[in-house]
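Novice: Work out the full structure: start from the sequences and follow the hints.
Residue numbers (our numbering), protein chains in the order written: chain A, 1 to 151; chain B, 152 to 302; chain C, 303 to 453; chain D, 454 to 604; chain E, 605 to 755; chain F, 756 to 906.
Hint data in this document are derived by calculation from the structure and do not stem from the laboratory. Take these hints with a grain of salt, some might be off.
Not the full set, but computed from the structure, chain F residues with beta-carbon under 7 Å of chain E [what the hints assert, rightly or not]:
| hint | residue |
| --- | --- |
| 1 | G767 |
| 2 | K768 |
| 3 | V771 |
| 4 | L775 |
| 5 | H841 |
| 6 | G842 |
| 7 | R845 |
| 8 | G846 |
| 9 | H896 |
| 10 | E897 |
| 11 | L901 |
| 12 | I903 |
A short list of chain E residues far from chain F (calculated; beta carbon distances all over 12 Å) [claimed, not checked]:
| hint | residue |
| --- | --- |
| 13 | D635 |
| 14 | V638 |
| 15 | V649 |
| 16 | A660 |
| 17 | K666 |
| 18 | R667 |
| 19 | E668 |
| 20 | N672 |
| 21 | D673 |
| 22 | G700 |
| 23 | V702 |
Cβ coordinates follow ideal geometry from the N, Cα and C atoms, glycine included.
Protein chains: 6
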Amino acid sequence: MGNLEKDGVSLGKAAVLLVLHTGGAETALQDRSVACGYKVYKGKVGSMDSAKIFAAITTAAKREGLINDRYREEHALYHSILEAYHGICRGQDGLGNVMRSAGLLFSIVRGPRLPNDAADGEWIAIALYGSMGAPIKGFEHEVLGLGINPV
Amino acid sequence: MGNLEKDGVSLGKAAVLLVLHTGGAETALQDRSVACGYKVYKGKVGSMDSAKIFAAITTAAKREGLINDRYREEHALYHSILEAYHGICRGQDGLGNVMRSAGLLFSIVRGPRLPNDAADGEWIAIALYGSMGAPIKGFEHEVLGLGINPV
Amino acid sequence: MGNLEKDGVSLGKAAVLLVLHTGGAETALQDRSVACGYKVYKGKVGSMDSAKIFAAITTAAKREGLINDRYREEHALYHSILEAYHGICRGQDGLGNVMRSAGLLFSIVRGPRLPNDAADGEWIAIALYGSMGAPIKGFEHEVLGLGINPV
Amino acid sequence: MGNLEKDGVSLGKAAVLLVLHTGGAETALQDRSVACGYKVYKGKVGSMDSAKIFAAITTAAKREGLINDRYREEHALYHSILEAYHGICRGQDGLGNVMRSAGLLFSIVRGPRLPNDAADGEWIAIALYGSMGAPIKGFEHEVLGLGINPV
Amino acid sequence: MGNLEKDGVSLGKAAVLLVLHTGGAETALQDRSVACGYKVYKGKVGSMDSAKIFAAITTAAKREGLINDRYREEHALYHSILEAYHGICRGQDGLGNVMRSAGLLFSIVRGPRLPNDAADGEWIAIALYGSMGAPIKGFEHEVLGLGINPV
Amino acid sequence: MGNLEKDGVSLGKAAVLLVLHTGGAETALQDRSVACGYKVYKGKVGSMDSAKIFAAITTAAKREGLINDRYREEHALYHSILEAYHGICRGQDGLGNVMRSAGLLFSIVRGPRLPNDAADGEWIAIALYGSMGAPIKGFEHEVLGLGINPV
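Specialist: Structure below.
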């Protein structure tokens with residue numbers, strides 16, 4: 001784990017750090033991720049309508065070339081989003097239907113599970129981080145979700 | 152967000168970074184967290200029996216003085232663990248009953264939601280990070296969960 | 303609703319009041335329930351093992367003649383217990399697996415949905431009431447669940 | 454439990470009895486609740502849109518002064534509503550999306566968990582009671598949910 | 605099981621085979637089902653709005669005389685649809701809210717659980733079969749759900 | 756769909772028919788599946804302990820060469836079992852913990868989603884069929900679940 005701790009970063013950790021870091025730390029992490037063999041993307045989405053979260057991430061993943069146009073890639077992406085979405089919902093799935101709203105950053109990271117380790121093929125990780133709460137400014141707290149699937 | 156980005160860190164972000172960082176980055180984060188008015192603890196638990204995860208965190212929180220001995224504090228801690236547990240289970244709660252195992256680091260962070268902001272009282276954040284999968288070495292991927300409640 | 307409020311009581315309300323009332327109020331309710339055409343039973347069960355709750359109620363219902371020995375009656379009873387159990391678990395099913403315990407009173411009420419109204423046949427209502435919490439005395443709060451199915 | 458049974462009533466029981474009782478029994482219960490140190494409110498909401506249930510209760514709690522304008526109070530209220538909502542949904546969250554409708558009475562009760570017992574601070578209980586079913590008159594049965602959190 | 609295998613078919617198996625078979629096999633199965641004492645119906649529904657699935661099946665069941673106009677029959681049908689719907693959703697209930705769509709065949713089969721066995725009364729089985737996925741042609745895979753309740 | 760209906764069968768349909776058919780129909784289906792490019796296996800498992808269902812299917816899939824020894828194949832199999840398991844549980848996951856037992860046939864089918872269509876790679880389908888109910892002979896009804904993932 002020595003070199004990994006200094007230079008490398010695992011796929012899921014890269015996805016989570018990417019939604020948490022800003023400024024120079026974010027840029028450094030992106031470089032480190034690329035050096036590990038990962039493709040990365042970071043975006044933003046906010047809504048009371050959960051479908052918009054799925055749509056924003058799916059659109060970005062296709063546009064940025066993080067998945068190709070085969071269904072099996074879209075399926076892996078979809079299930080990673082769904083798992084991250086479970087993480088931010090914490091047991092009660094839904095946003096507007098239970099009168100809450102989410103303002104989120106998302107990351108998409110594709111590559112091996114461990115840095116430069118091609119033995120088990122490619123995986124796709126989705127991290128969601130932001131705040132969820134009543135549709136009133138400041139009445140919200142942080143949420144985070146992570147989903148990973150082979151692609 | 153300027154100073155916050157440089158010096159401060161929000162409660163949930165502190166909890167998540169604490170389970171992700173190791174070595175010098177971990178020590179630096181702990182110092183930064185204390186400067187924000189947070190009490191922090193980091194521990195380790197692995198099991199196919201989900202109750203052991205709840206027990207390990209609850210025991211640590213009491214022993215380290217992160218909650219006092221009133222039921223309302225224990226209740227806030229319990230629900231934060233439960234929410235983080237949902238995050239790592241991603242839609243299907245359970246470990247051994249669905250033949251999977253978890254090896255986890257956990258963090259407990261208590262303090263204001265934003266650094267040194269006493270206006271909304273104290274909150275407690277639990278982050279869980281590690282790997283989940285088949286009870287076979289290497290057949291597992293990363294999972295992460297975060298739960299936050301007022302205490 | 304006039305006479306109903308004074309003399310009658312609907313099936314679900316009878317089941318819930320039966321687990322809530324004690325002493326004279328309980329006796330009065332039992333008489334009132336019988337006058338409405340209901341068969342009633344009240345018992346007690348406490349456990350960290352959810353199966354014991356199902357077993358205690360099923361055994362009582364059979365022994366007291368609240369269901370007969372056909373599968374369709376047992377099926378209606380089972381689903382009423384399951385629905386009441388959802389009510390006390392509030393979104394996260396499980397007891398010992400998420401390190402909590404329940405001490406419960408249960409009621410079984412069988413009859414028409416409305417007092418002496420045979421038009422829609424017989425239904426079975428299960429109410430569960432008690433406290434759930436950490437396995438520490440006093441570290442628990444009240445929970446209540448109600449399930450109703452045609453029998 | 455002697456005096457408690459005659460004069461006092463626990464927080465959750467008060468919330469449930471309040472949605473069940475009408476007329477003189479309701480008035481008597483309200484007096485008894487106030488004597489126990491509780492603030493109480495009872496209202497009505499019906500919808501196929503679950504968000505309206507959350508909105509009606511939240512609006513009433515604020516208007517009637519049962520919660521103040523800090524987020525931690527709103528958070529406690531929200532989670533109590535969510536838990537009561539799980540109770541009426543019984544394992545499948547949703548109303549209109551699974552083609553069913555709810556006509557409900559709700560109660561909000563705030564105070565100590567046990568009558569006049571200040572040792573563990575204040576808690577908030579939400580009870581929901583009414584009928585759920587197909588959007589056809591009479592094609593519905595009783596449902597009940599209870600949620601309690603420290604505030 | 606000998607004659608049963610040749611001539612008879614159990615209620616749930618009849619419902620599932622009915623949504624899977626087409627052409628001559630479907631006609632043969634319908635004849636075989638009627639000989640077993642079952643009433644059967646097969647229809648089609650596609651939507652991103654889950655309520656439309658419930659509505660289509662309920663409407664068909666009433667129009668075709670598979671349930672009468674009492675609430676207890678409607679209740680049994682509803683819960684059978686709900687259980688089949690869980691089967692096609694596989695752990696995350698919802699369609700449009702998680703950005704997916706379903707194109708389904710459904711069957712309704714009413715009768716004894718086993719062919720011509722009146723001992724345990726009538727039951728109702730609902731099977732759903734089709735494809736679910738992104739709202740893009742070909743980006744979908746097969747799903748199947750089955751729900752059974754006494755009627 | 757003409758030739759497909761006569762000669763071919765889609766992946767999920769093959770999995771479901773395999774658990775439903777017996778005798779000559781089962782043999783014919785196996786031949787037809789092999790002609791479509793599928794590998795198939797059918798087994799049996801019964802338990803009140805859900806982990807045994809996962810274990811039985813995983814063991815069979817490895818022993819029969821339906822998955823290789825890479826984690827990504829095991830992951831696809833696991834999620835297909837989990838989805839089929841949701842189908843038989845219908846909204847309340849668990850067996851012994853909610854006092855019910857399952858006696859099941861299972862099928863594993865691996866290949867293209869449509870017969871001899873290599874364009875979208877290989878997928879794995881798991882079907883579960885049998886009876887679930889009280890641990891009393893005859894007090895049980897049919898259940899069916901299907902899960903499909905790219906492998």
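Novice: The structure should be examined with respect to each hint, and the outcome stated for every one.
Specialist: Hint-by-hint comparison with the structure:
no.: 1; hint: G767; verdict: holds, 3 Å
no.: 2; hint: K768; verdict: holds, 6 Å
no.: 3; hint: V771; verdict: holds, 6 Å
no.: 4; hint: L775; verdict: holds, 6 Å
no.: 5; hint: H841; verdict: holds, 4 Å
no.: 6; hint: G842; verdict: holds, 4 Å
no.: 7; hint: R845; verdict: holds, 4 Å
no.: 8; hint: G846; verdict: holds, 4 Å
no.: 9; hint: H896; verdict: holds, 5 Å
no.: 10; hint: E897; verdict: holds, 3 Å
no.: 11; hint: L901; verdict: holds, 4 Å
no.: 12; hint: I903; verdict: holds, 5 Å
no.: 13; hint: D635; verdict: holds, 16 Å
no.: 14; hint: V638; verdict: holds, 19 Å
no.: 15; hint: V649; verdict: holds, 18 Å
no.: 16; hint: A660; verdict: holds, 20 Å
no.: 17; hint: K666; verdict: holds, 23 Å
no.: 18; hint: R667; verdict: holds, 26 Å
no.: 19; hint: E668; verdict: holds, 22 Å
no.: 20; hint: N672; verdict: holds, 22 Å
no.: 21; hint: D673; verdict: holds, 25 Å
no.: 22; hint: G700; verdict: holds, 20 Å
no.: 23; hint: V702; verdict: holds, 14 Å
The structure meets every hint from the earlier list without exception.
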